[in-house]
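S.K.: Letter by letter, the chains look like this.
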Amino acid sequence: MIKRLLLLTVLSVYCFSNISAQNSDFNSGALSGGQLHGDFLLDAQYYVKDKAINAQELPQGAGMNAYGNFNYTAGNFKAGMRLESYEPALLGFDRRYDQTGITFRYAQYFNDQLDITVGNFYEQFGNGLTLRAYWEWYLGLDNNIDGIRVHYKPIPGIILKGIIGRQRFYFDQSPGVVRGLDGEFSINDIVSSFNESKTRIIIGGSFVSRYQEDRNSTLILPENVANFAGRINLSRGGFNLNAEYAYKVNDPSTINQNSYSSGDALLVNASYTGNNFGASIGMKRWDNMDFRSDRAATGFDLFINYQPALTKQHTYRLSSLYSYPTVPQGEMAIQADVFYNIKRGTFLGGKYGTNIAINTSLVNDIPRTPTGDSLRNDYVSDFFEIGDEVFYRDINVEISRKLSRKFKFTGSVIRQIVNYVFQPATLSGDALKVKSWIGIMEGTYSYKVNDKRYTSRLELQVLTTKQDFGDWFTGLFEQTLTSHWYITALGEYNYGNPNADRRNLYLSGAVGYRKDTYSIKLGGGRQRGGFLCVGGICRPVPENTGVTLTLASSF
Amino acid sequence: MFFRTLAILSFVLFSTLLFAQEKSWKVPNVEIKDLKNTSVSASEIYNTEGPTILSFWATWCKPCILELNTIKDYYVDWQDETNVKLVAISIDDTRNIAKVGPLARGKGWEYDIYIDANSDLRRALNVNNVPHTFLLDKNGNIVWQHNGYAPGDEDELYDKVLEVAEMSSN
Numbered sequence: 001m002i003k004r005l006l007l008l009t010v011l012s013v014y015c016f017s018n019i020s021a022q023n024s025d026f027n028s029g030a031l032s033g034g035q036l037h038g039d040f041l042l043d044a045q046y047y048v049k050d051k052a053i054n055a056q057e058l059p060q061g062a063g064m065n066a067y068g069n070f071n072y073t074a075g076n077f078k079a080g081m082r083l084e085s086y087e088p089a090l091l092g093f094d095r096r097y098d099q100t101g102i103t104f105r106y107a108q109y110f111n112d113q114l115d116i117t118v119g120n121f122y123e124q125f126g127n128g129l130t131l132r133a134y135w136e137w138y139l140g141l142d143n144n145i146d147g148i149r150v151h152y153k154p155i156p157g158i159i160l161k162g163i164i165g166r167q168r169f170y171f172d173q174s175p176g177v178v179r180g181l182d183g184e185f186s187i188n189d190i191v192s193s194f195n196e197s198k199t200r201i202i203i204g205g206s207f208v209s210r211y212q213e214d215r216n217s218t219l220i221l222p223e224n225v226a227n228f229a230g231r232i233n234l235s236r237g238g239f240n241l242n243a244e245y246a247y248k249v250n251d252p253s254t255i256n257q258n259s260y261s262s263g264d265a266l267l268v269n270a271s272y273t274g275n276n277f278g279a280s281i282g283m284k285r286w287d288n289m290d291f292r293s294d295r296a297a298t299g300f301d302l303f304i305n306y307q308p309a310l311t312k313q314h315t316y317r318l319s320s321l322y323s324y325p326t327v328p329q330g331e332m333a334i335q336a337d338v339f340y341n342i343k344r345g346t347f348l349g350g351k352y353g354t355n356i357a358i359n360t361s362l363v364n365d366i367p368r369t370p371t372g373d374s375l376r377n378d379y380v381s382d383f384f385e386i387g388d389e390v391f392y393r394d395i396n397v398e399i400s401r402k403l404s405r406k407f408k409f410t411g412s413v414i415r416q417i418v419n420y421v422f423q424p425a426t427l428s429g430d431a432l433k434v435k436s437w438i439g440i441m442e443g444t445y446s447y448k449v450n451d452k453r454y455t456s457r458l459e460l461q462v463l464t465t466k467q468d469f470g471d472w473f474t475g476l477f478e479q480t481l482t483s484h485w486y487i488t489a490l491g492e493y494n495y496g497n498p499n500a501d502r503r504n505l506y507l508s509g510a511v512g513y514r515k516d517t518y519s520i521k522l523g524g525g526r527q528r529g530g531f532l533c534v535g536g537i538c539r540p541v542p543e544n545t546g547v548t549l550t551l552a553s554s555f
Numbered sequence: 001m002f003f004r005t006l007a008i009l010s011f012v013l014f015s016t017l018l019f020a021q022e023k024s025w026k027v028p029n030v031e032i033k034d035l036k037n038t039s040v041s042a043s044e045i046y047n048t049e050g051p052t053i054l055s056f057w058a059t060w061c062k063p064c065i066l067e068l069n070t071i072k073d074y075y076v077d078w079q080d081e082t083n084v085k086l087v088a089i090s091i092d093d094t095r096n097i098a099k100v101g102p103l104a105r106g107k108g109w110e111y112d113i114y115i116d117a118n119s120d121l122r123r124a125l126n127v128n129n130v131p132h133t134f135l136l137d138k139n140g141n142i143v144w145q146h147n148g149y150a151p152g153d154e155d156e157l158y159d160k161v162l163e164v165a166e167m168s169s170n
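Each protein sequence line maps, in turn, to chains A and W. Residue 347 in the working numbering is what sits at position 347 of the first sequence, and the numbering runs on without skipping anything. Residue 53 in the working numbering is what sits at position 53 of the second sequence, and the numbering runs on without skipping anything.
Just so you know, the hints here were simulated from the structure itself, not pulled from any lab data. Remember, it's a predicted structure, so these values are computed and weren't measured experimentally. Don't be surprised by glycine CBs; every beta carbon is placed ideally from N, CA and C. Treat each hint with caution, since some may be false.
What the hints assert, rightly or not - Below, simulated PhoX-like cross-link-like pairs (lysine-lysine); rule was C-alpha separation at most 20 Å, straight line:
| no. | chain 1 | residue 1 | chain 2 | residue 2 |
| --- | --- | --- | --- | --- |
| 1 | W | LYS138 | W | LYS160 |
| 2 | W | LYS72 | A | LYS402 |
| 3 | W | LYS160 | A | LYS406 |
| 4 | W | LYS160 | W | LYS72 |
As the list claims (entries may be wrong) - Residues on chain A that point at chain W, a partial pick, calculated with CB under 7 Å:
| no. | residue |
| --- | --- |
| 5 | HIS37 |
| 6 | ASN69 |
| 7 | PHE121 |
| 8 | GLN124 |
| 9 | PHE277 |
| 10 | TYR340 |
| 11 | THR455 |
The shape of chain A in the complex, shown without the other chains (with noise of 0.2 Å):
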């Protein structure tokens, strides 16, 4: 209670200052002026009991995710915080999320040159091989540091970075603290023969390491582990290559199950831009490259760097019903991506133009000999070679035309072969392998009545495999009734479970009103198992029958 009296205190203080500051004559210096901006998401749930899906539920009954961000600035000074209320956390979420209380503040100078920031901050150095500090609300994940950062400008086309401090951990810190410098450099701005030049040169270096007490009696663990980033960006006309190659040390951890050997990763990305088309291409080589500022973390606790899957990140319900996130224990990948638009006026084109993208990725896993020390877990692994473990396979076609003024349509056939053997366990459920075909239909109709525009989007999917839960249908209609108004409807229905019993048909429904920055929506339903997936993590969200509302702003 006096916690949250406190907080409440704070916010009140925070509220007054910026109407003082904004209405006062008297303010002077760098703090006059100031202004206050923010948001604000509120997702709660009312889990009700549905035994024929069996359903999960909180004790508690509803669950609710709730944040608010305040940030304040006044000249070249900056402060704000974020309060993070989890009465209790959503199903799905962490159980050690459920609390209310203050998970980010901080203060800020910058200048044109300089920008120091003390409290909690995010980061990122180059790809975010050795460091990517960030937040993902949806998925529960925050690995904010709270420590120093100074970012320095000395000289236009010279940028470093240097930042100490501990991640956080829910509403705790992270037991191993985090220190990393960074520096980037653009040739062509830095040397004056390259000033002119078409050919844009960027190089970059980041070093990170990690300390934690080595606690352990039968092995010794190193105390300081250290990650390394060399990084080259090359550019003229519209082709662009992007590499960086990470090292990491020794790094024995409860993911690569004390393993004492060496990571390393290299990623490699190149693309070409031209009118009405683009497309790229890239690879990436990932080996024990998990760091995290506690080596007995799993799951998303405390990771230090990104591992990004190198895989298309699909946005269909069906489409994503079986994903693929990045094997921490490492993987090769390769992806291309080929984007075109015909021209309108044309055979194929039509009166609009047509759309077109093609996606590829195969992952395999990588080659391991052991080098016979059991205890230490060595191995090594030619970098060159591809190993026999098929990961994951997806080529996927999409295209998208106009055929009218009214009516838009979108069709993608997609080919998926997904591999959750070396996936950690919450994910990889009961099947195994996956092979499936989907195909996507989505058409959006827009038309006036009296004046007024409403618009009508339904989109059809349907999955097939043998495996796993078997053939899925889903059916999403969505209605706009005023300009602010719309309506949903969704439907899964679970046609093909080889379970005769368990073809469940999963209904939901909501209703929502949005207007400049304020959004509101309620819902209600049955929602099917899955993944939630943002930027090639995952976050499973178990089956659930209940009501939901959801708030969200910002000011």
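Chain A is already provided as a structure; the job is to place chain W on it using the hints.
M.R.: Using the frame of chain A, we list chain W on its own:
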């Protein structure tokens, strides 16, 4: 406990509505990248000749792509009438960064494209979800913002663009 916390948080939300601010608010000086991976300050990307539509999007966000695709069909006319410029800021991270330019050009978008790979600008502008659209006047002041997209929303956006363009010409 649940309903009390809900009540408190709702109170905080709606009390913030009372403090609608009249002072000019600008895009902060946060580093973002262009398609050549060069760092650019977000405070310098607005259009000084007319209104700027600053649109946060991502390659995996369907309503975002629907919105930007819809505006594409009107963009030339909008530019002729109001001098407006659309700046599309992708919040895609390392996983999808290499696709941002190809997807945008492959859909025939002629917008200025930037990447906010670790959501630094997104957080600085308190964007909780994409799509989220800001409208700036020619002095870089944020005059309106909107979260989410439903077909038809572009009509309201263009009404606001017209207002800002007229304001600027007076």
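S.K.: With reference to the structure, classify each hint as holding or not holding.
M.R.: Each hint tested on the structure:
1. W:LYS138 <-> W:LYS160: 14 Å, holds
2. W:LYS72 <-> A:LYS402: Holds: LYS72 of chain W and LYS402 of chain A sit about 12 Å apart, inside 20 Å.
3. W:LYS160 <-> A:LYS406: 23 Å, violated
4. W:LYS160 <-> W:LYS72: Measuring from Cα to Cα gives roughly 17 Å; hence the hint holds.
5. HIS37: 5 Å, holds
6. ASN69: Holds - the Cβ of ASN69 of chain A comes within 7 Å of chain W, reaching about 6 Å at its closest.
7. PHE121: 10 Å, violated
8. GLN124: It holds, given that the least Cβ distance between GLN124 of chain A and chain W is near 4 Å, below 7 Å.
9. PHE277: It holds, given that the least Cβ distance between PHE277 of chain A and chain W is near 6 Å, below 7 Å.
10. TYR340: Holds: closest Cβ of chain W sits about 6 Å from TYR340 of chain A, inside 7 Å.
11. THR455: With a closest approach of 4 Å, the THR455 of chain A hint holds.
Hints 3, 7 from the list above are not met by this structure, while the remaining hints are.
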